[in-house]
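S.K.: If you read the sequences in order, they're chains C and H. Its first residue numbered 292, the first sequence is counted upward by one per residue in my numbering. Its first residue numbered 398, the second sequence is counted upward by one per residue in my numbering.
The hints are simulated quantities; they were obtained by calculation from the structure and are not laboratory data. No false leads were mixed into what you were given.
Below 20 Å or equal to it, Euclidean Cα-Cα: the simulated EDC-like pairs (lysine to aspartate or glutamate) are:
{"hint": "1", "chain 1": "H", "residue 1": "K665", "chain 2": "H", "residue 2": "E445"}
{"hint": "2", "chain 1": "H", "residue 1": "K566", "chain 2": "H", "residue 2": "E620"}
{"hint": "3", "chain 1": "H", "residue 1": "K657", "chain 2": "H", "residue 2": "E497"}
{"hint": "4", "chain 1": "C", "residue 1": "K344", "chain 2": "H", "residue 2": "E574"}
{"hint": "5", "chain 1": "C", "residue 1": "K468", "chain 2": "C", "residue 2": "D458"}
{"hint": "6", "chain 1": "H", "residue 1": "K517", "chain 2": "H", "residue 2": "E542"}
{"hint": "7", "chain 1": "C", "residue 1": "K393", "chain 2": "C", "residue 2": "E403"}
{"hint": "8", "chain 1": "H", "residue 1": "K442", "chain 2": "H", "residue 2": "D669"}
{"hint": "9", "chain 1": "H", "residue 1": "K499", "chain 2": "H", "residue 2": "D675"}
{"hint": "10", "chain 1": "C", "residue 1": "K578", "chain 2": "C", "residue 2": "D458"}
{"hint": "11", "chain 1": "C", "residue 1": "K339", "chain 2": "C", "residue 2": "E351"}
{"hint": "12", "chain 1": "H", "residue 1": "K566", "chain 2": "H", "residue 2": "E623"}
{"hint": "13", "chain 1": "H", "residue 1": "K612", "chain 2": "H", "residue 2": "E536"}
{"hint": "14", "chain 1": "H", "residue 1": "K481", "chain 2": "C", "residue 2": "E549"}
{"hint": "15", "chain 1": "H", "residue 1": "K481", "chain 2": "C", "residue 2": "E351"}
{"hint": "16", "chain 1": "H", "residue 1": "K572", "chain 2": "C", "residue 2": "E549"}
{"hint": "17", "chain 1": "H", "residue 1": "K572", "chain 2": "H", "residue 2": "E561"}
{"hint": "18", "chain 1": "H", "residue 1": "K566", "chain 2": "C", "residue 2": "E351"}
{"hint": "19", "chain 1": "H", "residue 1": "K483", "chain 2": "C", "residue 2": "E327"}
{"hint": "20", "chain 1": "H", "residue 1": "K483", "chain 2": "H", "residue 2": "E561"}
{"hint": "21", "chain 1": "H", "residue 1": "K491", "chain 2": "C", "residue 2": "E327"}
{"hint": "22", "chain 1": "H", "residue 1": "K446", "chain 2": "H", "residue 2": "D660"}
{"hint": "23", "chain 1": "H", "residue 1": "K483", "chain 2": "C", "residue 2": "E549"}
{"hint": "24", "chain 1": "H", "residue 1": "K499", "chain 2": "H", "residue 2": "E482"}
{"hint": "25", "chain 1": "H", "residue 1": "K446", "chain 2": "H", "residue 2": "D666"}
{"hint": "26", "chain 1": "H", "residue 1": "K489", "chain 2": "C", "residue 2": "E549"}
{"hint": "27", "chain 1": "H", "residue 1": "K572", "chain 2": "C", "residue 2": "E351"}
{"hint": "28", "chain 1": "H", "residue 1": "K517", "chain 2": "H", "residue 2": "E536"}
{"hint": "29", "chain 1": "H", "residue 1": "K657", "chain 2": "H", "residue 2": "E445"}
{"hint": "30", "chain 1": "C", "residue 1": "K344", "chain 2": "H", "residue 2": "E573"}
{"hint": "31", "chain 1": "H", "residue 1": "K483", "chain 2": "C", "residue 2": "E351"}
{"hint": "32", "chain 1": "H", "residue 1": "K442", "chain 2": "H", "residue 2": "D666"}
{"hint": "33", "chain 1": "H", "residue 1": "K673", "chain 2": "H", "residue 2": "D660"}
{"hint": "34", "chain 1": "H", "residue 1": "K491", "chain 2": "C", "residue 2": "E549"}
{"hint": "35", "chain 1": "H", "residue 1": "K572", "chain 2": "H", "residue 2": "D521"}
{"hint": "36", "chain 1": "H", "residue 1": "K618", "chain 2": "H", "residue 2": "D568"}
{"hint": "37", "chain 1": "H", "residue 1": "K481", "chain 2": "H", "residue 2": "E561"}
{"hint": "38", "chain 1": "H", "residue 1": "K446", "chain 2": "H", "residue 2": "D669"}
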Amino acid sequence: MSLRKAKEFVVEKLILLCGLASIFFVILIFLFLLKEGLAVFQTITPFKFLFGKSWYPISEPAQLGILPLILGSLLVTLGAAIISIPIGVGCAVYIAEIAPVKIKEILKSGIELLAAIPSVVLGFIGMVTLVPLVKNLFHLPTGLTALSGSIMLAFMAMPTIVSIAEDALYSVPKNYKEGALALGATQWQTIWRVMLPAASSGILAAIMLGIGRVIGETMAVMMITGNAAVIPRSILVPVRTLTATIAAEMGEAVVGSEHYFALFAIGIVLFIISFAINVTADLFLHKRQ
Amino acid sequence: MFKKWLVIFAIVLAAAPAFAAKDKNSIQIKGSDTMVNLAQSWAEKYMEKNPGDFIAVTGGGSGTGLSSLISGTCDIAMSSRNIKEKEIALAKQKGINSNEIKVALDGLAVVVNPSNAVSKLTIDQLAGIFTGRITNWKEVGGKNEKIVLLSREVNSGTHVYFKEHVLRKGDPNGKEEFSSGALMLSSSQAIADEVAGNSSTIGYYGMGYISPKQKALAIAKDEKSEYISPTIENVISGRYPISRPLFMYTNGSPQGLVKKFDDFCLSKDGQDIVIKTDFVPINR
Numbered sequence: 292m293s294l295r296k297a298k299e300f301v302v303e304k305l306i307l308l309c310g311l312a313s314i315f316f317v318i319l320i321f322l323f324l325l326k327e328g329l330a331v332f333q334t335i336t337p338f339k340f341l342f343g344k345s346w347y348p349i350s351e352p353a354q355l356g357i358l359p360l361i362l363g364s365l366l367v368t369l370g371a372a373i374i375s376i377p378i379g380v381g382c383a384v385y386i387a388e389i390a391p392v393k394i395k396e397i398l399k400s401g402i403e404l405l406a407a408i409p410s411v412v413l414g415f416i417g418m419v420t421l422v423p424l425v426k427n428l429f430h431l432p433t434g435l436t437a438l439s440g441s442i443m444l445a446f447m448a449m450p451t452i453v454s455i456a457e458d459a460l461y462s463v464p465k466n467y468k469e470g471a472l473a474l475g476a477t478q479w480q481t482i483w484r485v486m487l488p489a490a491s492s493g494i495l496a497a498i499m500l501g502i503g504r505v506i507g508e509t510m511a512v513m514m515i516t517g518n519a520a521v522i523p524r525s526i527l528v529p530v531r532t533l534t535a536t537i538a539a540e541m542g543e544a545v546v547g548s549e550h551y552f553a554l555f556a557i558g559i560v561l562f563i564i565s566f567a568i569n570v571t572a573d574l575f576l577h578k579r580q
Numbered sequence: 398m399f400k401k402w403l404v405i406f407a408i409v410l411a412a413a414p415a416f417a418a419k420d421k422n423s424i425q426i427k428g429s430d431t432m433v434n435l436a437q438s439w440a441e442k443y444m445e446k447n448p449g450d451f452i453a454v455t456g457g458g459s460g461t462g463l464s465s466l467i468s469g470t471c472d473i474a475m476s477s478r479n480i481k482e483k484e485i486a487l488a489k490q491k492g493i494n495s496n497e498i499k500v501a502l503d504g505l506a507v508v509v510n511p512s513n514a515v516s517k518l519t520i521d522q523l524a525g526i527f528t529g530r531i532t533n534w535k536e537v538g539g540k541n542e543k544i545v546l547l548s549r550e551v552n553s554g555t556h557v558y559f560k561e562h563v564l565r566k567g568d569p570n571g572k573e574e575f576s577s578g579a580l581m582l583s584s585s586q587a588i589a590d591e592v593a594g595n596s597s598t599i600g601y602y603g604m605g606y607i608s609p610k611q612k613a614l615a616i617a618k619d620e621k622s623e624y625i626s627p628t629i630e631n632v633i634s635g636r637y638p639i640s641r642p643l644f645m646y647t648n649g650s651p652q653g654l655v656k657k658f659d660d661f662c663l664s665k666d667g668q669d670i671v672i673k674t675d676f677v678p679i680n681r
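All chains, full assembly: derive it from the sequences and hints.
M.R.: Okay, here's the thing in structure tokens:
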């Protein structure tokens, strides 16, 4: 008996440890980011870092302005959101409300499959198919543009948006829908006026999480956005994102140099952006409950 | 159940020294993407001749290789640029004395799409193009088309060399930078592919990557000089204006396997491989 109790105790504590581990690691990572990243502000003011217009990290003296990178990330994300939100939410509505069971199953596994494609593969496919298409379609000097990145990233955001939005639609109480239909509303009226508003907070959370995935994505954008650190004036020009900058330059940065610290500071900026997005998504999710 | 784990644990413990011992006849080489193919060929040939020794080669860029050498995670760093003062100092702090060995030469080819009418440029024009002063092909004798600049990422020795020797023309106090509109691609192959598929591009990389899908430009030091094509003969004779040495960096003077491998690279066999991989041999 006492052995059983002891076992129970050990297992309980082990599970507690596992539970705490994730928080512990997040805190450790954040502290490490702060420690390495804040060091850059000994040589450059936060204002100049965030709003400086040129990024020449290995010149003497280094110019470490990340405004073009922030704008690049935001532009690609905005483009991806504009493409993926209507399609993703529409897809969720179709799966949850309209599709017959058989099609529903096929669609759901298709979307899971889309989520499983590694981003480097998407990037590669984008590079050989989408980039030349964008170039010829808009008569651009190069197809490596923010738009190409947005389109490819929209594919990556969609699975997240569809599956969470679909969950939200499912959890709307059945009697809402039945009530609306009984009152003589058409199916479309029911979806538009009753189901979507009732599930709105869940759908917003889905969108936020989808966007969170897009802004943190690295490999695909690095391969197809051209990585030029200029302030973008349209969606048809090359951009350089925060994530691609870290990935491309971390290998070179001499450990302990200004450049190295600046890359960690970019990490802090990214961390703050995705933290804000996740918190917003969380707020929406809790509001629903 | 418990016993089984104990047995596995014991096996792992017993095996650990065996793995550690194995490390003595294996070395890690890391760095310049330009040199990866070359070092890989060297390693293959060397391992063929010396079975039992193991040489692992990885790329990542010259900077990546040098910072690995400094942090002690590789034995030899390949670099297509000289080590920087800052890096030497940093290495010293960590107890590592960088030792430079010149192993080959490389001509830096400037390439355009074969359909481009331009087939020769001066260094001055090149600097103008890559700094963004010249933006249209018609300014250098081509058709009316915007120039699309392709560059390597900043972790590339090729990027640094091109900036210092073409954009700044070797002036250490130069302030010229790549135009911020230049596209930064992550590998020489990516530049080769983009040049092959886009008629308004211009890019640069080691001569080893030249293929019939790109056109390598003839380059002249200034308007009065002769335009020279990037060929092995022209690099050896020193007539081609943009060529550079390729280095291997070790910790202190090489010893043991590192020395054996270095000697092999500089031997006749090693330098024959240099020619085979489209670089230029150094021991002539």
